[in-house]
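**Student:** So you can see what is in the structure, the chains are spelled out below.
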Amino acid sequence: MTSIFVVVAATATVLTLAYLYRVAAGPTVFDRILGLSGFGTSTTIVLILVGCVYGRLDMFVDIGLGYALLNFVGVLAAARYFERSDRR
Amino acid sequence: MSEVLNALFLALLVILAGAAVRVRDLVGAVLILSAYGLTMSLVWAGMGAVDVAFTEAVVGAGASTVFFLATLLRTLPREQPRERRARPATLVGVLLLGGLLLLAIHEFPAWSDPASPASLHVSPRYLRDGYRETGAPNIVTAVLADYRAYDTLIETVVIFTAGVACWLLLPRRDP
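Quick mapping for you: the protein sequence lines, in order, are chains Y and B.
At the far end of the first sequence sits residue 102, using our numbering, and the numbering has no gaps.
At the far end of the second sequence sits residue 210, using our numbering, and the numbering has no gaps.
The hints are simulated quantities; they were obtained by calculation from the structure and are not laboratory data.
Model, not experiment: these values are computed from the prediction.
A few of these clues could be false.
[What the hints assert, rightly or not] Pairwise CB distance ranges, derived in the manner of DEER restraints:
1. Asp45(Y) - Val94(B): 35 to 41 Å
2. Glu142(B) - Leu83(Y): 40 to 46 Å
3. Val87(Y) - Val192(B): 21 to 27 Å
4. Gly133(B) - Pro41(Y): 33 to 39 Å
5. Tyr35(Y) - Gly134(B): 17 to 23 Å
6. Gly69(Y) - Arg57(B): 16 to 22 Å
7. Leu162(B) - Pro41(Y): 50 to 56 Å
[What the hints assert, rightly or not] Which stretches of chain B does chain Y cover? Using the computed rule of at least three CB atoms under 8 Å from a CB of chain Y, they are:
8. 39 to 52
9. 64 to 73
10. 77 to 90
11. 97 to 110
For each residue, glycine too, the CB sits at the ideal point set by N, CA and C.
Make the full structure from the sequences, and use the hints.
**Tutor:** Written out as C-alpha cells, the structure is:
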C-alpha cells in the first residue's frame, strides 16, 4: 500500500516540473504567479502523500492545510503588489 | 521506500536552484526561490521535523517572497546584462571544492544512524526525558521551544528589532 503512495508522490513531484517551466519561462508576471500557485498545490498534495507513507496522516493534514492557506495568501499578496504597479 | 522521494525532492531542489540562477527576469527568480522554499520544507517534513518544515514554508516561501517582491517594486525589475561565461579559474575552483566535499562524504555516519557520534551526546537524554520534562510529544518541538527557549526568545527579539528598524527607515509610499 505504501508503495502506491510513494509512486503517486514521485509522479506528482515530477509533474511539478511543468509548473516550474511556466514559472521560469512565463512571458508575463501573472503566468509566473499562477505557475507558483499550481506548484504550491502540487506540493501540498505531495505532503499529504508523504503523510500517508509515514502513517501520520492526522499531523500532515494539519500542515497541508497550513501550506494551502499560506500559498493562497502568498499569491494574493503578490497579485496585490503587481496590481498596484503599472508594470505587467 | 522514502529514499526515492527524498532523492526526488533533492533533485528538484537542484533544478530549482539552477533555474533561479539562470532565469533573466528577477521576479521569476524570486518566485522560483519561493518554490525552492516549499520543496525544502517538503524535505524537512520527510525527515519528520514538522515544525522546521512549517517555519521553512512560512519564512522561505511566504515572508521572504513578499519582501523580495516589495523590494523589486521599488527598484529595477530586470537584471543588468553582463558577461555570463564562467572563467576557467572559477570552474576549476568550484570543481576542486566539490570534489573535496564528495571525498569527505564517506566519512559521514549513515543517515539517521542512531550510533553516530552526534546522536550519542545529549540526544538519548532528550529522547528519554523530553516528554516527561516538557510534555511536548514531538521531540523537535521540545528541543526548539523548551530546551532552547531562551535562544528562540532572543531570536524573536532580534527579528522584531530588525522589523521595527526597517519600518522606521523605509519611506512611506505616496498614494
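**Student:** Which of the listed hints are broken here?
**Tutor:** Of the numbered hints, 1, 5 and 6 do not hold.
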